[in-house]
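Asker: Residues per chain are reported as follows:
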Amino acid sequence: MVPPTPRRFPLPDSHAAVANANVSRDAHAPDSLQLRHHFATEEQQRDAVNLGMWAFLATEVMFFGGLFAAYLIYRTWYFPDFAAASKSIDAAMGATNTAVLICSSLTVVLAVWAAQTARRTLLIVMLILTMLLGCVFLGVKGKEYKDKFEEHHVPGASFSFDNVPVPGHPDQYANPRHAEIFFALYFIMTGVHAIHMIVGLGIFAWLLAMAWKGRFTPEYNTPVEIGGLYWHFVDIIWIYLFPLLYLIDRHA
Amino acid sequence: MSEHSTSSPLPRYFAIWAALLICTGLTYYAATLDLGSFNAAVALGIATFKATLVVLFFMHVWHAGEKLIKLVVISALFFLLLLLGLSMTDYATRLWS
Numbered sequence: 008m009v010p011p012t013p014r015r016f017p018l019p020d021s022h023a024a025v026a027n028a029n030v031s032r033d034a035h036a037p038d039s040l041q042l043r044h045h046f047a048t049e050e051q052q053r054d055a056v057n058l059g060m061w062a063f064l065a066t067e068v069m070f071f072g073g074l075f076a077a078y079l080i081y082r083t084w085y086f087p088d089f090a091a092a093s094k095s096i097d098a099a100m101g102a103t104n105t106a107v108l109i110c111s112s113l114t115v116v117l118a119v120w121a122a123q124t125a126r127r128t129l130l131i132v133m134l135i136l137t138m139l140l141g142c143v144f145l146g147v148k149g150k151e152y153k154d155k156f157e158e159h160h161v162p163g164a165s166f167s168f169d170n171v172p173v174p175g176h177p178d179q180y181a182n183p184r185h186a187e188i189f190f191a192l193y194f195i196m197t198g199v200h201a202i203h204m205i206v207g208l209g210i211f212a213w214l215l216a217m218a219w220k221g222r223f224t225p226e227y228n229t230p231v232e233i234g235g236l237y238w239h240f241v242d243i244i245w246i247y248l249f250p251l252l253y254l255i256d257r258h259a
Numbered sequence: 384m385s386e387h388s389t390s391s392p393l394p395r396y397f398a399i400w401a402a403l404l405i406c407t408g409l410t411y412y413a414a415t416l417d418l419g420s421f422n423a424a425v426a427l428g429i430a431t432f433k434a435t436l437v438v439l440f441f442m443h444v445w446h447a448g449e450k451l452i453k454l455v456v457i458s459a460l461f462f463l464l465l466l467l468g469l470s471m472t473d474y475a476t477r478l479w480s
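Those protein sequences? They're chains A and B, same order as listed. Under my numbering, think of the first position of the first sequence as 8, with each following residue one higher. Under my numbering, think of the first position of the second sequence as 384, with each following residue one higher.
It is worth saying that the hints were derived from the structure and are not from the lab. Even for Gly, the Cβ is constructed at its ideal location relative to N, Cα and C. Be a bit skeptical, because a hint or two may be false.
Reference excerpt, derived from the structure (chain A facing chain B, CB under 10 Å, subset only) [as the list claims (entries may be wrong)]:
id : residue
1  : Trp61
2  : Gly101
3  : Pro177
4  : Ile195
5  : Gly198
6  : Leu236
7  : Leu251
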């Protein structure tokens, strides 16, 4: 009988390989504490987390997609009334908020870069700036809502939109019932967006606490990346909300 | 996703930021012009251009090493277009008869 030739290399699941894997992980333990045991490498874990986040964002696209579909259908049906209602919103505030969010997207991308290149102070400054810009956005939004409440443009018992001419047709008044649909969509879409902003502020507060403790390194910064993806997504939603809600038939 | 280029991405980030701000001003200005039925098309076109810039460069899809992420982005867009496109082919053409 020929004796079996000994294996030259341990198979991936052999005791030797598992033991070696643990040893090599322990060798740089402080960094790789963040590597969960079911991932082979940090690269793999990073890709998996990113993919998971993108799958979540895909469901968010569907969530907002339903609202956009409702908006487009009613806008097609009641275009003159939507134009009149849209004109009653302060477009300058909407444009300001767009610029504010774009600036916050820049600070987010700089925060991710700072985390990847081990610049802790820059990371903390950028996270704080992002949160400040987020608060500015919500403040402007709050002012807008306040104006709408005072003008009785909030759908409900005290809603009133009487004798408002249709843009381009001074002899024609907008139908208050149809304008109310516009304002319902306006409050739902901007409201859900604002809730996303508030959630984003919470995420960034947590990221700030972690960054303060120095938890992010060039090897481990996935939370900053993931939080950044979320923030950019919320920015993209606003990029569409701004022209759709604020700029219908402005020229007329 | 990790950057594969060795050069600093900062100039690109600031360029994208400037482009986004310019596009916002452009949207605001275009809304004051009378382009007939093209007003909505121009506004949505600029918005889509801005969103594409954010997705590709701020969300690092352009440099994503993982092809699955591109697949998820494209499939999300595909189903969104299906939702909006099929809805609008119905509702926007009901008055044609």
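Asker: All hints are to be evaluated individually against the structure, with a verdict given for each.
Answerer: Hint check results:
For A:Trp61, the interface hint holds, since its Cβ comes within 10 Å of a Cβ in chain B; the closest pair sits about 4 Å apart. Annotation: interface hint on A:Gly101 holds; nearest CB of chain B at approximately 9 Å, less than 10 Å. Evaluation of the A:Pro177 hint against chain B yields a violated restraint, the C-beta minimum of about 16 Å exceeding 10 Å. The interface hint given for A:Ile195 is violated, since its Cβ lies 17 Å from the closest Cβ of chain B, which is over the 10 Å cut-off.
Taking 10 Å as the C-beta cut-off, the interface hint given for A:Gly198 is violated, the closest approach to chain B being about 20 Å. At its closest, the beta carbon of A:Leu236 sits 6 Å from a beta carbon of chain B; the interface hint therefore holds under the 10 Å criterion. At its closest, the beta carbon of A:Leu251 sits 8 Å from a beta carbon of chain B; the interface hint therefore holds under the 10 Å criterion.
Checked against the numbered hints above, the structure breaks hints 3, 4 and 5 and satisfies the rest.
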